[in-house]
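Letter by letter, the chains look like this.
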Amino acid sequence: MKDGVNGVALAVFIIFFVAVTVIGFLASRWRRAENEHSLDEWGLGGRSFGTWVTWFLLGGDLYTAYTFVAVPAAVYAAGAAGFFAVPYTILVYPLIFLFLPRLWSVSHKHGYVTTSDFVRGRFGSKGLSLAVAVTGILATMPYIALQLVGIQAVLDVMGVGGGENTNWFVKDLPLLIAFGVLAAYTYSSGLRAPALIAFVKDTLIYIVIAVAIIYIPVKLGGFDEIFGAASEKYTAAKAGGLVPAEAGQWTYATLALGSALALFMYPHSITATLSSRSRDVIRRNTTILPLYSLMLGLLALLGFMAIAAGVDVTNPQLAIPQLFEDMFPSWFAGVAFAAIGIGALVPAAIMSIAAANLFTRNIYKDFLRPDATPAQETKVSKLVSLLVKVGALVFVLTMDKTVAINFQLLGGIWILQTFPALVGGLFTRWFHRWALLIGWATGMLYGTLAAYGVASPTQKHFGGSSKEIPGIGEIGYIGLTAFVLNLVVTVVLTFALKAVNAADGVDETVASDYTADAGDSGVAPVAPASAGVSH
Amino acid sequence: MPEVTEESDLPEVPEAPEVRQLAAGQPVVTPVRVVIGFCLFAPFVALLWVGSYAKVDPAFIGIPFFYWYQMLWVFVSTALTMTAYQLWQRDQRARKAAALDGGVSA
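So the sequence lines, in the order shown, correspond to chains A and B. So for the first sequence, the numbering used here puts the first residue at 1; every next one is plus one. So for the second sequence, the numbering used here puts the first residue at 1; every next one is plus one.
Rather than coming from a laboratory, the hints here were simulated on the basis of the structure. What you are looking at is a predicted structure, and each value in this text was computed from that prediction instead of being measured. Just so it is clear, CB atoms sit at the ideal spot from N, CA and C, and this is done for glycine as well.
Stretch by stretch, here's where chain A covers chain B in the computed footprint (C-beta under 8 Å, at least three residues):
no.	segment
1	45–57
2	63–71
3	84–94
The task is simple: from the sequences and hints, build the whole structure.
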């Protein structure tokens with residue numbers, strides 16, 4: 001892979017990249033609304049997306065470039081243990097079927113843009129809302145950084161990442177250009193840009209996976225050969241295996257469940273959700289989004305194919321890009337690389353918008369400028385989206401990649417701690433706001449300390465996300481253990497605080513807000529699908 | 001043995017409180033809703049019970065059981081969620097109609 005630049009692949013990659021850039025800038029004219037200078041428009045695409053746009057947007061948002069690189073990389077390195085991403089993404093949908101429509105309704109009724117907006121309104125607590133907002137921003141930042149790591153992996157394999165001895169500026173120039181462009185169109189088009197680009201991204205990904213899953217096994221002599229080779233490798237390495245050993249099953253299940261609970265706590269998931277036009281769009285999407293899970297499962301199998309194809313990389317992250325380079329003709333490798341590269345741009349854009357919205361609504365407006373106008377809010381959000389991306393870029397360029405990965409791992413543990421306040425709040429007002437806050441703090445503290453104490457062969461701290469579950473003795477996902485602890489503390493303290501009649505905040509929502517649909521009184525009517533696509 | 005599902009907290013296990021206020025006088029738990037709950041809960045039991053599928057045989061076109069079984073669950077789970085969606089739509093329409101007929105204001 002260090003044998004120079006793959007010209008054809010690079011050319012194809014650049015063509016797609018330019019096309020996507022044009023789309024990104026044109027997106028601001030797509031379904032343009034009268035009032036451009038509101039956060040609803042820039043940050044939520046006018047809350048106007050129908051079933052299919054939402055499907056592409058959520059799919060493009062949740063299944064990131066890093067996922068495409070990391071899931072097969074985990075399978076390549078460890079076998080079965082890396083496959084937990086499949087049950088995880090299956091379980092997400094029955095779960096969100098239950099609570100997401102309620103969040104959509106109450107958010108529309110009250111004009112909430114972020115999850116923290118809802119928490120503040122429901123529990124009348126700016127402190128709790130701030131905790132949720134800060135957790136969201138902290139968890140999102142490293143996630144954006146990892147999208148860059150995904151692009152870097154592709155650039156490396158194409159030969160434009162530069163070797164170890166190139167000067168840093170030349171080495172990082174392609175990444176800087178990619179990110180500059182991304183930042184510019186996110187700034188000008190807001191959520192509409194990733195929504196349109198997601199069409200390109202997902203189409204490319206589906207084509208690449210469909211081809212890869214047929215073409216590569218045929219070339220390698222069938223799945224028997226592939227799994228045979230993989231099995232030999234794991235046995236020889238004395239690490240991993242084709243099925244999880246008895247001891248690894250708890251880890252597998254808790255990782256799947258914990259990750260499923262956490263996914264829709266991430267700000268970028270919620271941003272994409274709230275941009276949909278009606279309550280029904282969400283429910284319908286829970287029945288069609290699993291197509292992406294199937295794709296993810298097939299993608300994970302590529303990890304085994306990389307082994308069988310003799311891909312030998314010290315950094316597992318490069319396994320899949322390298323497999324594409326080795327197996328595909330140059331032009332199609334270029335398409336595959338474009339799929340991963342664009343796959344990084346969509347979530348990076350949405351994540352930076354989501355983090356910016358959190359800052360604007362729940363820190364700037366709540367604490368710094370309570371009288372900010374919608375136009376000011378939008379301006380602040382746009383600027384912060386830039387800052388967030390620059391921060392992620394600096395993070396990736398100045399620090400070791402493992403730092404970003406460690407933080408993303410922590411981010412998953414942290415974001416799960418907002419579950420009781422958010423999902424609990426959607427169903428009941430029983431929890432006390434202080435109990436939720438202390439429960440959250442307990443979960444955060446336990447999760448961080450536990451993760452700090454995990455060593456791996458290569459790292460002394462943050463070496464993994466699983467640890468012995470106190471009281472059970474099995475190895476399980478730290479995030480889930482912290483979540484259970486969080487919940488127990490919240491319940492016990494709620495009883496205690498209610499017993500002493502501690503002051504509880506004012507709830508500005510009423511029961512019927514949670515079932516309101518577009519067109520009901522007080523809810524914005526279905527956005528006029530007036531223009532359609534007007535280029 | 002991995003009875004993982006036992007300790008897993010799913011605080012939002014469905015009892016569908018959505019229409020409580022809408023449907024005064026109508027029962028909250030009905031057979032249809034139990035079926036909806038089952039449809040949404042089944043994937044959790046199946047997939048979190050890792051011991052039930054952590055094996056290589058029977059393989060399908062060379063793919064070990066562990067992998068194709070979980071991918072099969074993508075389809076099973078989708079079918080179950082779709083069923084739940086259809087039943088829920090019907091349930092809501094019926095309740096709205098009943099509420100209007102009975103003169104109960106929504």
